[in-house]
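Novice: If you're matching them up, the sequences are chains A, B, C, D, E and F in order. Numbering-wise (the numbering used here), the first sequence opens with residue 1 and increments by one. Numbering-wise (the numbering used here), the second sequence opens with residue 1 and increments by one. Numbering-wise (the numbering used here), the third sequence opens with residue 1 and increments by one. Numbering-wise (the numbering used here), the fourth sequence opens with residue 1 and increments by one. Numbering-wise (the numbering used here), the fifth sequence opens with residue 1 and increments by one. Numbering-wise (the numbering used here), the sixth sequence opens with residue 1 and increments by one.
Please keep in mind that the hints were generated in silico from the structure rather than gathered at the bench. Take these hints with a grain of salt, some might be off.
A pair counts as met if it fits within one copy or between any two copies, since identical chains are not told apart.
[As the list claims (entries may be wrong)] Calculated cross-link-like contacts (lysine-lysine; reagent style DSS-like; alpha-carbon spacing at most 27 Å):
1. LYS26 <-> LYS130
2. LYS26 <-> LYS176
3. LYS218 <-> LYS239
4. LYS239 <-> LYS176
5. LYS191 <-> LYS218
6. LYS191 <-> LYS130
7. LYS130 <-> LYS239
8. LYS176 <-> LYS235
9. LYS218 <-> LYS87
10. LYS18 <-> LYS235
11. LYS130 <-> LYS235
12. LYS288 <-> LYS176
There are 6 protein chains.
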Amino acid sequence: MRSDRSAFPLNLPTYLVKSAVRAALKEDLGAAGDITTDAIIPADASSEAAIVSRQDGVVAGLDLAEAAFRALDPTISFRRLVEDGGKVASGGTIAEVSGKTRALLTGERTALNFLNRLSGIATMTAAFVKAVESTQARIACTRKTTPGFRAFEKYAVRAGGGINHRFGLYDAVLIKDNHIAAAGGLGEALKRLCAGRRHMVKIEVEVDSLGQLEEALKFPIDAALLDNMTVETLKRAVKLVAGRVLTEASGSVTLENVREIAATGVDLISVGALTHSPRILDSSLEWKR
Amino acid sequence: MRSDRSAFPLNLPTYLVKSAVRAALKEDLGAAGDITTDAIIPADASSEAAIVSRQDGVVAGLDLAEAAFRALDPTISFRRLVEDGGKVASGGTIAEVSGKTRALLTGERTALNFLNRLSGIATMTAAFVKAVESTQARIACTRKTTPGFRAFEKYAVRAGGGINHRFGLYDAVLIKDNHIAAAGGLGEALKRLCAGRRHMVKIEVEVDSLGQLEEALKFPIDAALLDNMTVETLKRAVKLVAGRVLTEASGSVTLENVREIAATGVDLISVGALTHSPRILDSSLEWKR
Amino acid sequence: MRSDRSAFPLNLPTYLVKSAVRAALKEDLGAAGDITTDAIIPADASSEAAIVSRQDGVVAGLDLAEAAFRALDPTISFRRLVEDGGKVASGGTIAEVSGKTRALLTGERTALNFLNRLSGIATMTAAFVKAVESTQARIACTRKTTPGFRAFEKYAVRAGGGINHRFGLYDAVLIKDNHIAAAGGLGEALKRLCAGRRHMVKIEVEVDSLGQLEEALKFPIDAALLDNMTVETLKRAVKLVAGRVLTEASGSVTLENVREIAATGVDLISVGALTHSPRILDSSLEWKR
Amino acid sequence: MRSDRSAFPLNLPTYLVKSAVRAALKEDLGAAGDITTDAIIPADASSEAAIVSRQDGVVAGLDLAEAAFRALDPTISFRRLVEDGGKVASGGTIAEVSGKTRALLTGERTALNFLNRLSGIATMTAAFVKAVESTQARIACTRKTTPGFRAFEKYAVRAGGGINHRFGLYDAVLIKDNHIAAAGGLGEALKRLCAGRRHMVKIEVEVDSLGQLEEALKFPIDAALLDNMTVETLKRAVKLVAGRVLTEASGSVTLENVREIAATGVDLISVGALTHSPRILDSSLEWKR
Amino acid sequence: MRSDRSAFPLNLPTYLVKSAVRAALKEDLGAAGDITTDAIIPADASSEAAIVSRQDGVVAGLDLAEAAFRALDPTISFRRLVEDGGKVASGGTIAEVSGKTRALLTGERTALNFLNRLSGIATMTAAFVKAVESTQARIACTRKTTPGFRAFEKYAVRAGGGINHRFGLYDAVLIKDNHIAAAGGLGEALKRLCAGRRHMVKIEVEVDSLGQLEEALKFPIDAALLDNMTVETLKRAVKLVAGRVLTEASGSVTLENVREIAATGVDLISVGALTHSPRILDSSLEWKR
Amino acid sequence: MRSDRSAFPLNLPTYLVKSAVRAALKEDLGAAGDITTDAIIPADASSEAAIVSRQDGVVAGLDLAEAAFRALDPTISFRRLVEDGGKVASGGTIAEVSGKTRALLTGERTALNFLNRLSGIATMTAAFVKAVESTQARIACTRKTTPGFRAFEKYAVRAGGGINHRFGLYDAVLIKDNHIAAAGGLGEALKRLCAGRRHMVKIEVEVDSLGQLEEALKFPIDAALLDNMTVETLKRAVKLVAGRVLTEASGSVTLENVREIAATGVDLISVGALTHSPRILDSSLEWKR
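Okay, chain A solo, but in the shape it has when bound (with noise of 0.2 Å):
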């Protein structure tokens, strides 16, 4: 499901793997422990499972999911069928898991919570990128992300094979509509900027009009966003930047229009639905015994 165009291999840090599983762990059992569990089952008792899902989709999140259940039993066998990125169909078995009965259950929505999210993500990611396909254009998401979760959502992206934009603030320049505002124009702007950009950071401008965008292209900037411009609008703006620039559509994107606004010649399509509104990929564990 990855994009042919994308050799970007998925790498998730350990830290920030390890540091969300714990906290998220500790959200869930709080002081008292997984007292349903802990009651009824022995602490020596071991179980099989599996992770199946009840939906066609991509999968993304599987060292998460790993990692909650090796975090209750360090000893758990978890044999994955598909790796992120990878397709599963609707009944098929992402992953077997099986180990002490007790992590199992504790761990089970915990891993759930973590897979189905990021593969809801990869899910809906792909379905935009395949709409795409054989165009020039790649899907990118945005900062519109939950607070706390944008390294994994971001990741999830990649696993459906789109391209991040930004991660924070910090790593890149985006100059949007409340900052021409604030600066008193988008000269101003982009001129206090260049004053002392730094070499290693690059610089895209939001523009609303083809006549901002003439006047941004003035400026050594990288990237132009074209923000919820029409088909036409759009058209025109990839024939003026004429490959001077990255073009970079957004606004109002869905599965419906992705494609008529990719044939329009921009580079990259932001879709800011991918992780402010994704859905779900429905998956659950099945009990073998």
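We have chain A already, so just place chains B, C, D, E and F on it with the hints.
Specialist: Leaving out everything else, chains B, C, D, E and F in the frame of chain A:
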């Protein structure tokens, strides 16, 4: 938009608000900070803006949005035109903010990420609550939440007029299908559990048939979770229970079928989608001057 | 020493053990570390020792004691001669430890501080449990715990055969005298509360007279806390309640009067002293070689 | 109640107070908060109450109690009628508090858990200090403290007029019996230690016989811990030392025998029970209006 | 002392300042606090002092110095006679501080440790910036920073008129010699990289010969790091690049040779010593009264 | 390179190593991770490399360097050719590392940042220690350290054969000029201090004249810090003290004048530059295959 049956006041522990906002700003600012705003806007500039909704909905998360701006400028003014749990119409102003321009621009996305997500959950919850209006059924959430964000998602459900189910594995007992499988039967699970039950902890049992329900009712349980039953079976289950314990319907609940489910006489209807697949309520920061 | 009525297994979430041990070692080692041991003992020396009790009692906290040594030497051997909840006699060995000499000497006080404190609580709890043997009454703890150490103190109460009351303000409702005063009466407090009650949360009300008890029983509560009543009044209260809700006696409970209180027929007797004023069970690390 | 020999002012680093109070409130509030108070008390209600002692004693921990309320309502008024280290009589008011009703009710137990525990330690310490009045002996604490709570327990000892021994393994050298056993003798241990001694760190040696004491005095040590010696032996030890180093008696010290021990002429008497087995000073929050 | 080419304003995220100051005070105060000051100075005494420089230099770190005092006394007055990025002469006053005597004495070393270190970096940076004055070259820092202190060291470089290179491995791509060795050649490394490149991330490649430079220029890179080249080779490299990408000289740059390097026409000169081996700017707290 | 007078073994608490390495990797990896390495190197590739010094010096920090690689690949092999405190010559190999290629490349800078900085301090310390060889004087560090990094810098001083002065304000008393000014005189300060002195805490007083020294010697102090005195005055001070307390010279100590200072007979010479202005020992990761 708050359920008229619920007088439960909204409250979010301050320490949760502060630590979540601090973490979210850290996630967005990193070590370099807001390199766009810092380059364009003088430190002493002031501005005014308004948070305007682009959709009809129910608001939740204002404490978090305000705290995001305040963490960047302690002297910010944040005037609410609606409170959490209140309705906003498309185009309506949720709050007016004024203070340091840098704080407005740098805090914008973090504030909206909290507000839009939680308002989305409140709005969806309110729709379900409205759909079962004038029945005895109440709408509840589940543990299918974003890791690390559960306290806020549960709060948003309350803001929408719903009630919270367990906050975690620690505050109530819920024996589910996998527990029963692992324990070797419902009776065995309940026997073990009741031997050591804590007097201030409630016990709910998930059953998927009337037979299982009858077996469960032999034990001193507080509630029965009727999982994935047809409307017909739900009716018979409610009749069988006859008020001895609370009844909760769950599984594949939608806005379309929720009223029919409520009409079966169940006390509660739990809806995983409220927290696992909500859409945001889209609001944005409109610049005034 | 575990109550025969309680089959509730002992379990302490691993993440709690790890983080408490890490914090305790940090508190004891600071930035300079164990300057005595590091100066005297070569890094590769090995030793054997035993944790020996100087008193009769019930053991609790072995996971924490073991984790303290293991954090300093992952290859340590820690052999338990008794498990948490089990009895030890004066002069009896609780556990045998062998491994790096430095780890034994540096971890000694931290391990014993956990073990002796929790065993002290378990021992005191067991004495109360034994005192009410063959009555229906169970011994419960309160929220009068050491800040930051509650989860472990509550665990020690379970190890001694007692049961846990609320873990915090979040997992059950308990309306106390000051709530009633602030709300302007018991009836008003209960009315407000029941309007928005969560279905999986129990409600207990503190009453100090039979009149107040009668008023409380008009509401759908789960338990009544009979505060500082005489044995005579307790008997009448139990009779008045007639099994409709659980009854809990509290206030000035001692080993001397607890059996008399139990004989009144109350379901629970809560004892603040279990966690607010326990004596340690004195054990020490005896050097073998 | 402060020892007249001690002018050491009481001070507790602010950052310790803040972080301990934050952790304690988090422990008590969890993710759901105070579900009793939030359901019963309107957000804007105000009240007055007093912290009243039920026993005679010495107070410690007011900064923590005040901070607990202030964390919930920054505008709270907290008027102290006695300061840390001062005496309170049974029935006497320690402090008057007024502010948001919710803050008073929600913070009550956390504030009292700090105050009652620390006042209990201060009270017990003061009793020992009084018992040795007009002797040269000073009362000291040990490292037998509650994990994570040591800084506060040590502070309470100071409030009671005692002095603090080591805060941890890092700030002074104390060679104990197990070090001697592991090093193969007292002489060997001291030889290794003195080779690399830091000039600003004191060295104390635990000895259990006069012979061992004589051996230790051959080295440049600062203090001798006379462990579990009879009163007769202590006298001979003090004579043997003849003021060359400080002498500290320890082991089985009680209020009954402490004066006799002091009369032997030792400089210090360390009492583990001050921090390992204190009883609380019982105070409670009395509602005014 | 700020480069006239740079209008990039100085800003340090508040949360970084607060958490670093808190950690530094915790490191210095431990659990016992400032035992010297607390014993000597009454809690209510006030004083005035001045931070005076003993050398000529450029100041950086005033927010941190002020925050160190303010954390100990929120009412402290801290008047700056120079701002970050400004010059101070030997004997000149940097700031005047007045407030609680205890806060001044306890915070002195922490405040100066921040200020002197960061001013040392700013001063060294300014010397390099001055040395290349009126050339096109800009002075940049590297990732050779003190673990845990990078954000502040990078800030100090900005204060001295330099620009920041990458903040970490996460915000730009830099292919170094070891990457090339591990990937089996520069071409292979670049091919893999460009396949999945993120549009808002810049790519720089380290080359150590003109041949390697030519190979790198075949790919869409943004900058070339010319490593350890002679001045002669640098000139030829700049000519070869002909403005297509940015050129950065690095390796063995000193105040003696930096101007000669700048004269080759490179855009940037990165100097590891700015952050790996700076000398402090010596300032001290002079007591007024 | 360790001073032959010092047998104080090197030890760094494990928990400090782990948490510092985790924080350093987090600082370098952020949320996106090592975007260069992840894009170029397959997850399963393995490599070998060596840490080679480019200068003569004394090594310190190997535990931290190893832990940095191990955190990224737990199966890494890290073979030390020299231990902390040992000498390395220019071109000499410090350690050989083999394991996952990604771990080597991603961990390289973090490992070297620890190792080079601490080895730089050890090397500088060793130079001072060698300069005073065969005198009685020992070389000590100060509290002029990098905020948050003190424990490691103090450790490096030990590795170079120096001894550690105070670790913070909490573990010894040092009355400095500003304390004396604030207290209204040396005598007053000492009088207040001695009233409440803790028996296990040493007291040092900073004096800047022989008169002040004489005054200080009237009190039971342990050491005198002779601040910024000429060699002639130091000699007279040592004679005046006559072995009653330790003498420490400080102020403007350099490699050029340290032997002359030592020859005055002082016991200690403290050198701020060891930790406030060291140069790194330059080592790098040389790729093998």
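Novice: Does the structure break any of the earlier hints, and which numbers would those be?
Specialist: Those not satisfied are hints 1, 9 and 10.
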